[in-house]
Amino acid sequence: MNEAPAEPVEDIEIQLLLEALYQRYHFDFRHYAKSSIKRRLRQAREQLGFATFSAMQEKVLHSEAMVGPLLDYLTVQVSEMFRDPGYFKAMRERVVPHLRTYPSLKIWIAGCSHGEEVYSFAIMLLEEGLLDRTMIYATDINPGALEVARSGVYPLDRIAAFTRNHQQAGGKTSLADYYTTAYGRAVFDKKLRAQVVFSDHSLVTDEVFTECQLVSCRNVMIYFDRTLQDRAVGLFRDSLTRRGFLGLGSKETLRFSEHAAAFTDFVREEKIYQRGEA
Amino acid sequence: MSAEPVAAVVIGASAGAVQALSEILPRLPADYPLPVLVVVHVPSAPSGLTTLFSTKCAMAVVEPDDKEMLAPGTIYFAPPGYHLLVEPGGSVALSADEPVLYSRPSIDVLFESAADSFGPALLGIVLTGANEDGARGAAQIVAQGGSVLVEDPATAYAATMPAAALAHCPAARALSLDAICEALISVAAQ
Numbered sequence: 001m002n003e004a005p006a007e008p009v010e011d012i013e014i015q016l017l018l019e020a021l022y023q024r025y026h027f028d029f030r031h032y033a034k035s036s037i038k039r040r041l042r043q044a045r046e047q048l049g050f051a052t053f054s055a056m057q058e059k060v061l062h063s064e065a066m067v068g069p070l071l072d073y074l075t076v077q078v079s080e081m082f083r084d085p086g087y088f089k090a091m092r093e094r095v096v097p098h099l100r101t102y103p104s105l106k107i108w109i110a111g112c113s114h115g116e117e118v119y120s121f122a123i124m125l126l127e128e129g130l131l132d133r134t135m136i137y138a139t140d141i142n143p144g145a146l147e148v149a150r151s152g153v154y155p156l157d158r159i160a161a162f163t164r165n166h167q168q169a170g171g172k173t174s175l176a177d178y179y180t181t182a183y184g185r186a187v188f189d190k191k192l193r194a195q196v197v198f199s200d201h202s203l204v205t206d207e208v209f210t211e212c213q214l215v216s217c218r219n220v221m222i223y224f225d226r227t228l229q230d231r232a233v234g235l236f237r238d239s240l241t242r243r244g245f246l247g248l249g250s251k252e253t254l255r256f257s258e259h260a261a262a263f264t265d266f267v268r269e270e271k272i273y274q275r276g277e278a
Numbered sequence: 001m002s003a004e005p006v007a008a009v010v011i012g013a014s015a016g017a018v019q020a021l022s023e024i025l026p027r028l029p030a031d032y033p034l035p036v037l038v039v040v041h042v043p044s045a046p047s048g049l050t051t052l053f054s055t056k057c058a059m060a061v062v063e064p065d066d067k068e069m070l071a072p073g074t075i076y077f078a079p080p081g082y083h084l085l086v087e088p089g090g091s092v093a094l095s096a097d098e099p100v101l102y103s104r105p106s107i108d109v110l111f112e113s114a115a116d117s118f119g120p121a122l123l124g125i126v127l128t129g130a131n132e133d134g135a136r137g138a139a140q141i142v143a144q145g146g147s148v149l150v151e152d153p154a155t156a157y158a159a160t161m162p163a164a165a166l167a168h169c170p171a172a173r174a175l176s177l178d179a180i181c182e183a184l185i186s187v188a189a190q
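As given, the protein sequences belong to chains A and B, one line each in that order.
Numbering follows UniProt numbering, with no gaps: position 179 of the first sequence is 179.
Numbering follows UniProt numbering, with no gaps: position 67 of the second sequence is 67.
No wet-lab data here; the hints were simulated from the structure.
These figures come from a predicted structure and were not determined experimentally.
Take the hints with a grain of salt, since some may be wrong.
What the hints assert, rightly or not - Ranges of calculated distance between the beta carbons of each label pair, as one might list FRET restraints:
(1) G234(A) x E182(B): 46 to 52 angstroms
(2) A154(B) x E258(A): 50 to 56 angstroms
(3) D72(A) x L101(B): 19 to 25 angstroms
(4) I185(B) x R100(A): 57 to 63 angstroms
(5) V9(A) x R27(B): 38 to 44 angstroms
(6) T173(A) x G48(B): 46 to 52 angstroms
(7) R185(A) x A179(B): 49 to 55 angstroms
(8) A130(B) x S151(A): 36 to 42 angstroms
(9) G73(B) x H62(A): 48 to 54 angstroms
(10) E182(B) x G86(A): 27 to 33 angstroms
Note that CB positions come from ideal geometry on N, CA and C, so glycine has one too.
Take these sequences, add in the hints, and give me the full structure.
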């Protein structure tokens, strides 16, 4: 037979599993980057004890209890407070002076996962005297992750890295001013989230919900394919005010985006973009 | 070697990596017709690897951005803090997922994704290192029909990683750095 080689069975099964997750629960991972979603699904299959993705699909379709654990595999992100300190330093030194000129501010942290980035921004804005007039929208698709973010509780063994990053990011105070410790955990101060709205929002299926001056979405779109990246960047463009700012992860770029022309480099080396006037 | 022409090369290295890579990468010509993707275990950013090898190598040396298309004549170093993966269609996908075997970037992650994307057209190379990263990935490359070369543990700076790759992947061949370099040049001529 001289036919083109058939698609590997595993790839077919993955497509069907993602289709089931979408049709049954409206979680849409169909345009996630194939290589990383496959890796995450293989981990889930192994650790949840399924022989095949087809067996997982059967369970997903018939048991809602399966969705939470699967989502945790598909959406888990590992972050740190003030991750990539240079990014926060550039935000503080280059972007904050612009933000100061607004009487009130809206900031959208898209794909906030466990909230490390949310608290980082809140602390920076507090140190810069801007937190009172800022509303932060922290969104994610994973309800479990949002719950962790809302609680502001992190394992104590992560605090050393957070503290180092905060200093390198130009922190003006001691990070210890913002948390108390108990039972091996650090609990971040409630006042940091007084201005934060945690909310369920999908860059894949939902629309723009607010107009804001800054969007920070780091290491979220690396998990998307090009089509989905274009959709997300389109949402950010539509959400940003003119001359508003978009911050991406250190290895993410708008170079390949169909919306690249709507933005200019603002701090090139830290992947901070500014929306144009158009 | 598999019958299919090689379309991409993936290399993993850990302890002793700079020395070993310095004996291979600078000998590849500027017009080397394949993309070469490299994972080196580095503690933190910036790694300095691209700067170092840019000055030594005739090929272009980059730390790719997410979704960059792989091109011939280019060496891609995994950015520190990110896993480097290959998408079907030959573009780069990065991931900030958990470290694998304490490493991010992870050799296994690169090898397994590249094996899925390139199948028999992939050549994997495991160099010196003091852990077991790369062993599962090497096995996956062979399972998808590709070939694997391993630095001879007897002469490697750190033998653990090449030895683990050979143990997991009996189809892999152990060679000196010199012979690996010759193999790299000859697969490109096919």
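Quick rundown of the hints versus the structure:
1. G234(A) x E182(B): 46 to 52 angstroms: holds (50 angstroms)
2. A154(B) x E258(A): 50 to 56 angstroms: The hint (50 to 56 angstroms, Cβ to Cβ) holds, given that A154(B) and E258(A) are roughly 53 angstroms apart.
3. D72(A) x L101(B): 19 to 25 angstroms: At 21 angstroms between Cβs, range holds.
4. I185(B) x R100(A): 57 to 63 angstroms: Check passed, 58 angstroms falls within 57 to 63 angstroms.
5. V9(A) x R27(B): 38 to 44 angstroms: At 41 angstroms between Cβs, range holds.
6. T173(A) x G48(B): 46 to 52 angstroms: Given a distance of about 32 angstroms, which is not inside 46 to 52 angstroms, the answer is violated.
7. R185(A) x A179(B): 49 to 55 angstroms: holds (54 angstroms)
8. A130(B) x S151(A): 36 to 42 angstroms: holds (39 angstroms)
9. G73(B) x H62(A): 48 to 54 angstroms: holds (51 angstroms)
10. E182(B) x G86(A): 27 to 33 angstroms: violated (42 angstroms)
Going through the hint list in order, the structure does not satisfy hints 6 and 10.
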